[in-house]
Every structure is written in C-alpha cells, then in structure tokens.
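I would like the entire structure built from these sequences, with the hints used as guidance.
If you read the sequences in order, they're chains D, Y and Z.
The numbering used here puts the first residue of the first sequence at 279, with every later residue one more than the last.
The numbering used here puts the first residue of the second sequence at 279, with every later residue one more than the last.
The numbering used here puts the first residue of the third sequence at 279, with every later residue one more than the last.
It is possible that part of the hints are untrue.
Pairs count within a copy or across copies, as identical chains cannot be separated in the list.
[To be verified] With a straight-line cut-off of 27 Å between C-alpha atoms, the simulated BS3-like cross-links for lysine-lysine are:
#1 K289 to K420
#2 K324 to K443
#3 K443 to K381
#4 K342 to K421
#5 K342 to K458
#6 K324 to K458
#7 K342 to K484
#8 K458 to K289
#9 K458 to K381
#10 K443 to K458
For the record, the hints were derived by calculation from the structure and aren't laboratory data.
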Amino acid sequence: MRLKLIPREEKFFDLFEQQAENVVLGAKLIKELFDDYREVEQAAMKMSRIEHEGDEIAHQIAEKVSLTFITPIDREDIHALASALDDILDFINATVVRLDLYKVSSVRDDAHRMTNIIVLAAEETLELVRELQNYKKHGVIKKRWVEIHRLENEGDTVVRAAIAKLFEQGQDPIEVIKWKEIYEHLETAIDKCEDAANIIEQVVLKNA
Amino acid sequence: MRLKLIPREEKFFDLFEQQAENVVLGAKLIKELFDDYREVEQAAMKMSRIEHEGDEIAHQIAEKVSLTFITPIDREDIHALASALDDILDFINATVVRLDLYKVSSVRDDAHRMTNIIVLAAEETLELVRELQNYKKHGVIKKRWVEIHRLENEGDTVVRAAIAKLFEQGQDPIEVIKWKEIYEHLETAIDKCEDAANIIEQVVLKNA
Amino acid sequence: MRLKLIPREEKFFDLFEQQAENVVLGAKLIKELFDDYREVEQAAMKMSRIEHEGDEIAHQIAEKVSLTFITPIDREDIHALASALDDILDFINATVVRLDLYKVSSVRDDAHRMTNIIVLAAEETLELVRELQNYKKHGVIKKRWVEIHRLENEGDTVVRAAIAKLFEQGQDPIEVIKWKEIYEHLETAIDKCEDAANIIEQVVLKNA
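The structure is reproduced here in structure tokens:
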C-alpha cells in the first residue's frame, strides 16, 4: 500500500517542476521580444500557448490535490505555490498582450532591465522548485531565496525610476497609461517569483 | 442527532442559491441599464441595494461556517465559492458606480456585448450552484462549466478588441481612463463567474 | 508540558499587537505628511522603514505558525489577519512612494479627510487586536467592529466624491492618473482595516 503512495508524491514535484520550467520559457520569450522588438503579434500567440500550457498544469495539480488523500506537502501550500507560479506567467502574458493591443511601436530602455531581471528570477524559482524535495539542504534553498529577494528589490528600484521618468518627461498621457501598466505588470511578475520563493521557504522550514 | 445536521447542510446550499440568484439580478440590472442608458444614479442606488444584500448573504455563510462543526463541503471551498460569488456582484456594482461618478453620458457599443455575456455567465453560474448538491450528475456540471469557459473566452476577445479600439481612435485620454476601467471591471465580473465554476467543478470532483 | 504551550500562545497575540501598533505609526506618519506637506522624500524613507518592520513581524508570525503544533486560533485565521494588517501598511506605503515618484507638489483637500479616517481606522484596528484575547467581551468587539464599518463607509463616500471632482474639473489627464491612484490606495488601506476587523469578529465568534 505504501508503494502506491510514493509515485503519487513524486508526481506533485514533477508537476511543479514542469510548471516552473514553463515559467522560464515564458520569461525567456518576453526577454527575447524586448531585445529584438519585432513580430509582436506572433510573440503574443506563442506566449498565449505557453500560458495555456501553464493553466493545464495548474489544473492537473488542483485535480491531483482533490484526489490524493495524503499529500507530500500541505494542501494549502500546494495550492499557494501552484497559483504563485501560474500568476508569474499570467503577468508575463498580460504584458505581451498589452504590447500587441496598445500597438506599442518600440520598447523603452528601462523595460529591458526588467525583462533581464524576470529571466534571472524565473531561473532561481525553477531551481528552488527543484530543491523542494531536498528538505535537508536548507542552506542551498536559503541562498536562492535571498537571491530572489535581491532581484525583487532591484526590479522595484528599476520600475520606480522608470515610472518617475515616465511622469517627469511630460509625456503624452496615452503613453503614460500604456507604459505605467506595462511596467507594473513586469514588476508584479517578479513579485510573484518572490511569493513562490517565500512559500517554498516556509514549506522547507515546516518539514525540516 | 443525525437529523439535526441535515437541515444545516441544506441551509448552506440554500444560501449559495440565494447568493447566485442575487448575482443574476445584478447582471440583469447592468444589462438593462446599458440597453436603455438613462437614470444612471437611480440604477446605481438599486445596484447598491443588491450588492448590500449580497454582502449580507456572504456574511451569513461565513457565520454559518464558523458555527457548524461538520460542513457538507470543505470549509475552504465554502469560503472560496462565497467570495467568488460576492466578487461578481462587487465588480458589476463597481462598474455602475463608475458610470455615475465619471458622468459617462453614453455607453460604447462593445460594452453592450459584455453585459450580454455577463447575464449568460451569471445564469450558468446559478445553474451550477443549483447542481452543486447533485454530485452524481457530473455530466451536467461539466457541460455548464465548459459553457462558462466559452463565455469567459468570448468576453476576453470582446474586451481586448474594445480596448484596442479605445487606444486606436486617438481618443481623449480622460475617455481612455474611464472606459479602460469600465471594460476591465466587466471582464473581471465574467472572470469571477469562471472562478465560481472552477470551484464547483473541484468540489464535485472531490465528492464524486 | 502544558506550561510550555502557554508562552507560545501569548507570543502570537504579542506579535499581532506589535504589527497593529506599527500600522498606527504608519497611519500617523501619512496624516502628518498630508497635514504639513514638505520633505516628501524623507517621509518616504521613514515610511519604508515602518513597512520593512511590518514585513519582519509578518515573517515572524508566519514562521511561528509553521513551527507551532497547536495554535491559539486557527492557522488560516492567523495568516489572514497577519496579511490584512500587512496590507494596510503596504497601501499606506505605496501612497507615500507615489507622492514622491510622481513629484506631487501639493495635496488635494479631499486627501486630508482620507488620512484622518485612516488614523481612526488604524486605532480601532489596534484596539480590536488587543481585544482578540478576550473572547468573552464580545460586546466591546462588536462596537469597535461597527465603528470600523462606519469609517470604511465614510472613506468610501469621501473617495467617490473626490474622484468625481477629479473628473469633473476638466483636469490635466496626468493629474487624473496620479490622484485617482492615490485616492484608490488610501481607500484600499481603509478597506484592509475593515478586512482585519472582519477576521477578528469571525475568530471571536468561533471561539465564543
């Protein structure tokens, strides 16, 4: 009987890893789009597929929680982590959708710095998710968790300066509306990486 | 002793049904206002009453959860469903409030399409809530759940086109600010119907 | 063995009290800044320290929940209350940050009325948190809870009138963007006091 439970437990970690890998895919896609700003509509379609894939994995995790009697980590933590990872992609996707909808013709310099940070934060998040099974290696997890906090602070500083600049330059109000929202979405995507890291840190602490 | 529990259980489902019926009332009110755009302030007062009624029912549900030892469905699902239903009304109400506050003098065509979808999604949500007690009829629930997802996708497409048009037409920035928010609120109201449907689907799956 | 549990239980209430005292500090700081609108950057730095202190206490509460086997009130309620208190400060802080970022040169009259309400709501919240340990005194708690609802309604009325005025006066769109966000943040800070009060009321009800 015990044996039947073990593969189930591993399955949760596999699904989380898939979900985090998908987040890295989305983060790289938006960085590449910002680095070489062309074919926005095509990028939006690709991003939409990645986001649907993410929804699919999140749905599988929710289904698995409902059907599993004993979960390897607390049910509420599984939900919270799945939804934080899902949110990262939602905000990356929402940003790309807006570039397309608002017919943004070129990207502002500060935005490049944000997408660089998003890729780094997504990669740290993936590594943290991979470490989730190794409760013992608390030192490794702590180091990555500190790094995500550092990246979140850096993103915060970059986005604040970017928004201040947006208002200072006496811009066209329509540009302000568009870019304020784009910056805030990019910032939220990074915040959600930090949320995921916080959940993982608490889970590890609880099971140490 | 068993008998004392049964009426309590039914009471939860009754309260959810009342809450979902109230959502349909709110959805119809906003559709009627958009179809015949007059007397905004009066509609806002009516809508405010419906929203307060919704708060009252949500509060009753929360109180009942606190006082009931064994709930017919999981406590967390009761909270999540009550709050999703409450949110639908909050966003419909917030939209009507803004029409009044922003002194919107006429409604844009795309908004009509949104309020039509909201009524359909609210009606499907009510039917799903009614089916909640019949765990066996998973087929019926699945069909309605698929329909709400279709409506949410349709709403998404409509609102994206509407917002793109808003920015394309070189509108007055103040108009953009007002209508962007109105569209986004209508979209969120539909999203919350989908959230409610997802929770019901998970509950049924768990208790199947 | 019993004795070891008691200090732990008290520690939760102490941490909540510290968190609520910190909220009052933040509320007073924003009121003082609005009453004597100078040195915004300096106020933003002070506010940032208060907010970090708040994060620190929230983190301690989360850690304590993870490590405590039997908590004095339900785990989910501890998380919900800690996060509502944390959110109050986040929105006060976000408002001060925006005054600085947007280079707001003077504050609008309606905003003064909002910061007065925030201080009152924060003080009621602190008193409610202090009463949390006295399950018996339900009457006292109910009175404070009613007062926070009254303040939230008042805040709602003030902010609606303020936003309506903002759009009526044919303002510069950039001013509308800035002040609409500032008003909405102030309103959300008050809403979060109401959320905290609702959680406390439910906890007391459950444990009565």
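Now the hints, each set against the structure:
no. : hint         : result
1   : K289 to K420 : both (24 Å within a copy, 25 Å between copies)
2   : K324 to K443 : between (31 Å within a copy, 23 Å between copies)
3   : K443 to K381 : both (21 Å within a copy, 10 Å between copies)
4   : K342 to K421 : between (30 Å within a copy, 21 Å between copies)
5   : K342 to K458 : neither (38 Å within a copy, 38 Å between copies)
6   : K324 to K458 : both (24 Å within a copy, 25 Å between copies)
7   : K342 to K484 : both (22 Å within a copy, 10 Å between copies)
8   : K458 to K289 : neither (40 Å within a copy, 42 Å between copies)
9   : K458 to K381 : both (15 Å within a copy, 15 Å between copies)
10  : K443 to K458 : both (11 Å within a copy, 19 Å between copies)
The structure shown violates the earlier hints numbered 5, 8.
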